[in-house]
Amino acid sequence: MITVNAMGQQCPIPVVMAKEAINKMKGDGVVKVLVDNEIAVQNLEKMAKQKGYEAKGEKIKDGEFAVTLTIGEVSAEIVNNEEISCQPDTIDKSYIAVINTDTMGTGDEKLGKQLLKGFIFALSKQDILPASIIFYNRGAFMTTEGSESIEDLKNLEAMGVEILTCGTCMDYYGIKDKLQVGTSTNMYVIVEKQVNANRIVRP
Amino acid sequence: MDKKLFCQSGGCSAKLGAGLLRHVLEKLPAFDDKNLLVGYDGSDDGAVYKLTDDIAIVQTLDFFPPMVEDPYIFGQIAAANALSDVYAMGGEVKTALNIVCFPENQDLNILGTIMQGGSDKVREAGGVLAGGHSIADKDIKYGLSVTGIIHPDKILANNTPQDGDVLVLTKPLGVGIVTTANRVKQASEEAVQKAISSMTTLNKYAMEKLKKYRIHACTDVTGFGLSGHLLEMTGDKYQAEIHASKLPVIKEAIDYADEFLTTGGGQKNRNYAGDKILFNDVPFALEEIIFDPQTSGGILAAVHHDDAEAVSREFPIIGVIRERKDSEIKIIVNR
Chain A
1 MITVNAMGQQ
11 CPIPVVMAKE
21 AINKMKGDGV
31 VKVLVDNEIA
41 VQNLEKMAKQ
51 KGYEAKGEKI
61 KDGEFAVTLT
71 IGEVSAEIVN
81 NEEISCQPDT
91 IDKSYIAVIN
101 TDTMGTGDEK
111 LGKQLLKGFI
121 FALSKQDILP
131 ASIIFYNRGA
141 FMTTEGSESI
151 EDLKNLEAMG
161 VEILTCGTCM
171 DYYGIKDKLQ
181 VGTSTNMYVI
191 VEKQVNANRI
201 VRP
Chain B
1 MDKKLFCQSG
11 GCSAKLGAGL
21 LRHVLEKLPA
31 FDDKNLLVGY
41 DGSDDGAVYK
51 LTDDIAIVQT
61 LDFFPPMVED
71 PYIFGQIAAA
81 NALSDVYAMG
91 GEVKTALNIV
101 CFPENQDLNI
111 LGTIMQGGSD
121 KVREAGGVLA
131 GGHSIADKDI
141 KYGLSVTGII
151 HPDKILANNT
161 PQDGDVLVLT
171 KPLGVGIVTT
181 ANRVKQASEE
191 AVQKAISSMT
201 TLNKYAMEKL
211 KKYRIHACTD
221 VTGFGLSGHL
231 LEMTGDKYQA
241 EIHASKLPVI
251 KEAIDYADEF
261 LTTGGGQKNR
271 NYAGDKILFN
281 DVPFALEEII
291 FDPQTSGGIL
301 AAVHHDDAEA
311 VSREFPIIGV
321 IRERKDSEIK
331 IIVNR
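Top line first, the protein sequences correspond to chains A and B. Mapping the first sequence onto our numbering, position 139 (from 1) lands on 139, and the numbers just tick up by one. Mapping the second sequence onto our numbering, position 46 (from 1) lands on 46, and the numbers just tick up by one.
Since the hints were derived computationally from the structure, they do not count as laboratory data. The hints are all genuine.
Dumping the calculated DSBU-like pairs for lysine-lysine here, alpha-carbon to alpha-carbon at most 30 Å:
id, chain 1, residue 1, chain 2, residue 2
1, B, LYS185, A, LYS19
2, A, LYS19, B, LYS194
3, A, LYS56, A, LYS125
4, A, LYS51, B, LYS185
5, A, LYS49, B, LYS251
6, B, LYS237, B, LYS325
7, A, LYS176, A, LYS113
8, B, LYS27, A, LYS125
9, A, LYS26, B, LYS185
10, B, LYS27, A, LYS93
11, B, LYS251, A, LYS19
12, A, LYS117, A, LYS154
13, B, LYS276, A, LYS93
14, B, LYS325, A, LYS93
15, A, LYS125, B, LYS276
16, B, LYS246, A, LYS49
17, B, LYS251, A, LYS24
18, B, LYS276, A, LYS59
19, B, LYS251, A, LYS51
20, A, LYS93, B, LYS237
21, B, LYS276, A, LYS51
22, A, LYS154, B, LYS27
23, A, LYS32, A, LYS93
24, A, LYS93, A, LYS19
25, B, LYS209, B, LYS94
Turn these sequences into a full structure, and let the hints guide you.
Below you can see the structure in the form of structure tokens.
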């Protein structure tokens, strides 16, 4: 795989750099392009669609995106199967978030808690907000008394985001009467929301 | 004259996205003054304020970073672009003020050459350069604040077309793509010359010709691309049907679009238009041309259909305006 660093480059330079890398490959292969804005991601995806490459764009963090372009036989099949999801103009940007823990990542617990608080805050600042956020297992501690994210979650709720917490989990941890934001939910809803989601974001 | 400007993403492709801007502007309270005939709530090209029953002032300003390397040409383009809004409202240019951002440590002769280009265009427009303001900044930006006059009854709004109007466009599309291709050294000298000659041409001349006909709505095509300006024109009531094959286009821009030498601005325009635009079997490159941000672009006018034949002898008719019925689609582009 060739990695092209197009961070800090304005359109069309990321596309030009990607094309050069693809040409240099002289055949099938994978080119990963790093860019710093979503418009560049869309322009790369647009190019991929026209050329029949498979393109997968992902946000690594704020101001850092990677677009993986797969060139060759493999890509043709995938493009045919997933034609709709590869059209940049019809991308369904909707998503839900699932939080199943009260720390983010594995490692130091204090850091993990801090990170999760930051994650929820950053989520509330996205241009496109999740349709719902589902909390289960220790995630239930985020929506109940003692959580430092209540205010951010209330903001999200005020902006139309559905906040759902697993009732069984709150029961188990003995915090059922401590719910501060959103409503209690059950496993049927938790499964249905995830089945129907276009994308699921997890901390 | 061999001084070169550093070009990043210049011209009108440096504009903020239309969606983004609307979001901010909607939150500001509107001013209530019966003499303000055109404010920013209609997203029109310039503001118009009535002074007497016979006279109103048209005010506009526009400035941006360089999109060409030659400072004199950049000055001309920036000025032609700023002056254009007065013409698009149907007005006559009177005075202009320079707007300058320039790095302190850079050769001031470059600035002088840019301003010479601007000054020459103001003179050509029949206006007077009356002053200006400059700021030390890390990047070069230049433009004008322009004041013109107009009869209050003869304002050409951008969003008042009528059912059956024909749409004309007075300059070729694709200058954004050509200057972008040039920035990555992939544009031919010929294509660049075509783009420059288009961008430095004052819309004064097109308006002198167009004013012979019954113009119902009029705007100049700039950063929001043909798509964005058509969306403003059609508003809530109308739909534009465009014949892609009739669009005037710098033909090299089609090749460059097929090579994906398009701007971020173009993609923003595509996102903004979203599903309000429908393409029927239109080649990819022409879609890109329709979204391409134009710098100092041509006049887009909706003209009474009885004048169609006469106006078609001077400018290409690119489509028609219809009343919109039960459809969210505001622009239909046929091959």
